[in-house]
Amino acid sequence: MHSHTRKLLTVITEAALESTLVRDLDRLNAHGYTITDARGKGSRGVRDAGWEANSNIRIEIVCDAETATAIASYLREHYYDDYAMILFMSNIDVLRSEKF
Amino acid sequence: MIDPIILFFLLGAVAGLLRSELRLPAAVYEFVSIVLLLAIGLKGGVELAKQPFASLLPHMLAVIAMGFVLTLVAFPVLRYLGRFTRADAASIAAHYGSVSVGTFAVVVAYLGSRQIAFEEHMPLLLVMLEVPAILVGIVLARGLSRETRWKSVAHEVFLGKGIVLLLGGLLIGWAAGPEGLKPIEPLFFDLFKGFLAVFLLEMGLITAKQLGSLRLYGPFLIAFGIGMPLFSALVGVGLGWTLDLSVGGTAILATLAASASYIAVPAAMRISVPEANPTLSLSAALGITFPFNVLLGIPIYYGLAEWVHTFARG
Chain A
0 MHSHTRKLLT VITEAALEST LVRDLDRLNA HGYTITDARG KGSRGVRDAG WEANSNIRIE
60 IVCDAETATA IASYLREHYY DDYAMILFMS NIDVLRSEKF
Chain B
0 MIDPIILFFL LGAVAGLLRS ELRLPAAVYE FVSIVLLLAI GLKGGVELAK QPFASLLPHM
60 LAVIAMGFVL TLVAFPVLRY LGRFTRADAA SIAAHYGSVS VGTFAVVVAY LGSRQIAFEE
120 HMPLLLVMLE VPAILVGIVL ARGLSRETRW KSVAHEVFLG KGIVLLLGGL LIGWAAGPEG
180 LKPIEPLFFD LFKGFLAVFL LEMGLITAKQ LGSLRLYGPF LIAFGIGMPL FSALVGVGLG
240 WTLDLSVGGT AILATLAASA SYIAVPAAMR ISVPEANPTL SLSAALGITF PFNVLLGIPI
300 YYGLAEWVHT FARG
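So the protein sequences, as listed, match chains A and B.
For the first sequence, numbering that gives the first Met the number 0 assigns the number 0 to the initial residue and increments by one for each residue that follows.
For the second sequence, numbering that gives the first Met the number 0 assigns the number 0 to the initial residue and increments by one for each residue that follows.
The list that follows gives simulated cross-link-like pairs (lysine to aspartate or glutamate, DMTMM-like), each with its CA atoms no further than 20 angstroms apart:
1. 6(A) with 23(A)
2. 192(B) with 29(B)
3. 150(B) with 23(A)
4. 150(B) with 25(A)
5. 150(B) with 17(A)
6. 160(B) with 17(A)
7. 6(A) with 65(A)
Cβ-Cβ distance ranges computed for the label pairs, FRET-style:
8. 25(A) with 142(B): 24 to 32 angstroms
9. 38(A) with 82(B): 30 to 38 angstroms
10. 3(B) with 91(A): 48 to 56 angstroms
11. 36(A) with 182(B): 32 to 40 angstroms
12. 142(B) with 73(A): 22 to 30 angstroms
None of these hints come from the bench; they were simulated from the model.
A virtual CB, placed ideally from N, CA and C, is assigned to each residue, including glycine.
Please put together the full structure from these sequences, using the hints given.
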């Protein structure tokens with residue numbers, strides 16, 4: 000079975016940003032993304048999703064390296080200062096390269 | 000006798016302070032708040048059908064003006080006495096100029112259990128008071144800058160959960176009338192207090208969590224969290240009296256003025272004024288003002304309303 004290398008970009012941030020981020024991702028050529036609710040603790044304190052203003056989401060995007068870098072730098076520039084946001088990238092193997 | 004729903008709030012707060020494992024699933028909290036919002040809307044809608052819209056217009060405009068004024072009063076106090084940054088002061092001011100539906104539900108239950116009548120179009124005024132503070136807050140933080148994306152602000156403000164459900168409930172109640180609502184009454188009206196009790200249990204838990212961060216921000220925020228609602232309640236009582244509302248209606252208007260938003264405004268501010276620290280406004284609104292209003296404020300505001308009305312009658 001032949002597989003292709005792609006990037007998995009994971010963003011963990013405030014739920015309040017969801018609709019804005021989704022718009023950004025579409026504009027930055029992400030072909031798809033998966034959003035899940037998340038909770039945890041970080042430099043901005045415990046965010047345990049007890050209610051809406053205090054909940055986090057995790058967005059996962061599988062894309063090529065170029066798109067991943069573009070998204071990452073856009074997010075860093077626009078949201079890092081004011082929002083609770085972390086972002087990391089990893090290499091993954093996918094089977095259907097045309098999807099990503 | 001203390002109202003049992005208040006005891007639920009205290010139970011949540013104590014459980015939270017003792018770090019109990021108790022937590023309501025987010026979906027349950029969401030559901031309960033949806034039911035409460037719809038119930039409040041429906042009830043107002045039924046009554047709205049009975050009065051000509053034109054007679055309500057002066058009340059609506061007066062309440063909108065009150066929303067502007069309260070925010071504009073709070074801002075300089077926070078900026079110059081509290082020495083907050085411009086963004087923080089604007090954001091906190093917007094929270095206090097807007098309303099909390101939870102507090103509204105508690106004052107309705109408070110009056111209900113004492114069988115005190117009030118004007119039934121209060122939910123409409125609740126909706127009116129929610130919005131102006133958000134707009135003022137954004138302008139105070141940003142100025143009238145071209146960068147503000149008013150389209151997304153408007154979307155956030157008018158299509159937020161609270162406004163959609165309240166207005167939707169009002170319209171459904173208005174269209175269906177009392178007879179039409181009979182079949183769904185058991186869920187929305189008969190169970191109202193039960194839902195409110197569960198809601199307040201969760202609010203108690205949330206409040207307890209805010210207290211930790213309050214210690215960081217010191218006495219000014221605590222004083223503001225109690226002083227501002229007392230001042231706003233006076234404005235509310237004055238306006239209620241001027242508009243010739245009943246004692247119950249005046250007490251509700253005072254409570255609306257005194258309450259601080261913790262759902263619609265935080266969401267809008269997070270998007271429009273991201274540099275404002277959300278912890279500041281939320282710990283004030285939820286950690287101090289909400290419990291203060293629920294435990295002490297509402298009886299005080301009712302007492303004020305009663306006093307003004309007896310006094311005015313001579």
